[in-house]
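> Here's the letter readout for the chains.
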Amino acid sequence: MVLRELLRAEMLFVYADIFRRKSILVMYLLYPYILTMFIVLLGSSIGSYQAFKYRLGIDPIPFFLTASYLVMSILAVSDDILWKPIHDRMLGVLPYILITHVRKIAYFAIIPIPRLILVLVLGCFVLPPVYVMFYGIEGFYLTFEVVSLALLSSILFITFSILLVGVLYSLGGESWRVLNIIRPLLMIFLGIYYPRFLMPTMMFLISLILPPSYIIELMYRSLLRIATEYSYVLELLGIAIAISLIYAPLSSKAIATWERKKVREGVEV
Amino acid sequence: MSKLLVIKAVFEAYLKAELIRERGAIFALISLSLWLTLFLAPLTFFTRETSSAPLVSGLVFVGILIFVSYTMASWDWGWELRWLLYQGILEYVIASGRDILILYIGIIPVSLIWLASVGVLAYALLTLLMGPPLLTVMNPLILAIGSLLLILVLLSYALILGGTTIAVGTSGPVIEFISWILPIATGGLTPLLNLPEPLRLFALCTPFSYPAELIRYALGLSNTVMDIWLECIVGLTYALLFFIVGLTYFRFQLRKILREGVKSVAIY
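Keeping their order, the protein sequence lines are chains X and Y.
Those letters in the first sequence? Residues 12 to 280, by this note's numbering.
Those letters in the second sequence? Residues 31 to 298, by this note's numbering.
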């Protein structure tokens, strides 16, 4: 009951804002294309389109469109969760949220869902034009696959994001400056623009603790047509889900620690 | 004398707020280096076996600096007026009877300090990822003209953007869109010779392409699509006209808001 109320409130809040400011909606649609254009044009000016195809065996446009769409999906989760306490504090509502009877873990788990639904719906509009152009009718199947995997990777990122909120904000307070370092760092280690199986060993090892990185690897293996055994697919899926589940109790504890700290020390205004 | 004091006060205020307080510059530079790494790493897939690493690195270096300059003009100069309006500071600036543009004289050095820091950071990062950028000044005069044109064009653009944001109530996502698309579409990132024909023509129709072309030419990174001196003359004429238009438009919008009030104070 509480979860349903929370979800309804969050949906009203997010969708009212987005439909009020249509420019955000347009930006959601355009962002994957802008990022793709940015990288492909810059890349073509310093090298060649053909060199990219030769190295990775795929056209750069569908590759970077997929990657940019993934950025949007992952940020829908991580940004919503990581920024929420900062926004709440800035708006002056954090003390009220802290004193509500709602369990904070539930509150944080619900936060990204409305925006995630929106990104997934938008994925169905953004990806098909390019996929169909490059892969024909198979492009629709690919859209379904990418959108489903993006959904899974984003959902699996929720527990880790909450854990990050709990640990970071308990230790150093709600700092947007630190967040601006964490966000790109996560994008790098997730292997979004640079697949993790091509990463240097050290970076690859760090990526292992991030559940979505397994799903993203799976997605790239499919996109780059790398022959992958069925057992390896299941292995990647299993590890991602298992790690995400391991983070669940830890994130609950971390959020409770942050909450207790706020209650004890008060909220900065 | 009092004008100098105001400029100094603005400079100090912005320097402290943007770069010094809470180690803002350090955090921002770390963040930027990570974003750059995120976008630069996949660029290595485009490089040819035969391409010269310093040349490739040099092109990316100039592309980064031009892109950051556009971002600076959009957010630090154009959007700043809206931010001041939102915080209720702009009213005091207007009520003081001073020209709003005096703010820019104080802000621009802070922006240039930031740009220089980004330059050093980008150079170091590119050296690590691709090799040291090739930066040989082949023609100092053209480089000086190109840099001057870049500042003039960006200032004009910021005046138009600033005038529009305070008068119409443009929202953040629109500015974000413009600051991304403008350098992409007008040859800021790519030499015009490498752009597809329709995009090249479009870029030449805007004042933005000329400074970027001149800078790249002066550093020996690419050739221009027209004769270099013709490019200088067209670029300079276009930049001056653009500046006059920008300044006139800004003054017009300012008079309009003084007469009619602002359309929207909210920033989001």
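It should be emphasised that the hints constitute simulated quantities derived from the structure, not laboratory data.
Don't take each hint at face value.
Just some of the chain X residues that point at chain Y, by a computed CB distance under 10 Å [stated by the list, open to error]:
{"no.": "1", "residue": "A27"}
{"no.": "2", "residue": "F30"}
{"no.": "3", "residue": "R32"}
{"no.": "4", "residue": "S34"}
{"no.": "5", "residue": "I35"}
{"no.": "6", "residue": "L41"}
{"no.": "7", "residue": "I50"}
{"no.": "8", "residue": "G58"}
{"no.": "9", "residue": "F63"}
{"no.": "10", "residue": "R66"}
{"no.": "11", "residue": "I72"}
{"no.": "12", "residue": "F74"}
{"no.": "13", "residue": "N191"}
{"no.": "14", "residue": "L196"}
{"no.": "15", "residue": "I199"}
{"no.": "16", "residue": "I217"}
Straight-line C-alpha distance at most 30 Å; calculated DSS-like pairs for lysine-lysine [to be verified]:
{"no.": "17", "chain 1": "Y", "residue 1": "K286", "chain 2": "X", "residue 2": "K95"}
{"no.": "18", "chain 1": "X", "residue 1": "K33", "chain 2": "Y", "residue 2": "K293"}
{"no.": "19", "chain 1": "Y", "residue 1": "K286", "chain 2": "X", "residue 2": "K33"}
Glycine is no exception: its CB is placed at the ideal position from the N, C-alpha and C atoms.
> Please go over all the hints and tell whether each is borne out by the structure.
Status of the hints after comparison with the structure:
1. A27: With a closest approach of 13 Å, the X:A27 hint is violated.
2. F30: violated, 14 Å
3. R32: holds, 6 Å
4. S34: holds, 4 Å
5. I35: holds, 5 Å
6. L41: Hint on X:L41: holds, closest Cβ of chain Y at ~7 Å, below 10 Å.
7. I50: OK, holds: X:I50 within 10 Å of chain Y, min 6 Å.
8. G58: holds, 3 Å
9. F63: With a closest approach of 5 Å, the X:F63 hint holds.
10. R66: holds, 5 Å
11. I72: Violated. Min distance 12 Å.
12. F74: With a minimum Cβ separation of about 8 Å from chain Y (threshold 10 Å), the hint on X:F74 holds.
13. N191: holds, 4 Å
14. L196: holds, 6 Å
15. I199: holds, 5 Å
16. I217: For X:I217, the interface hint is violated, since the closest Cβ of chain Y sits about 13 Å away, which is over 10 Å.
17. Y:K286 <-> X:K95: violated, 38 Å
18. X:K33 <-> Y:K293: holds, 17 Å
19. Y:K286 <-> X:K33: holds, 26 Å
Violated hints for the displayed structure, listed by number in ascending order: 1, 2, 11, 16, 17.
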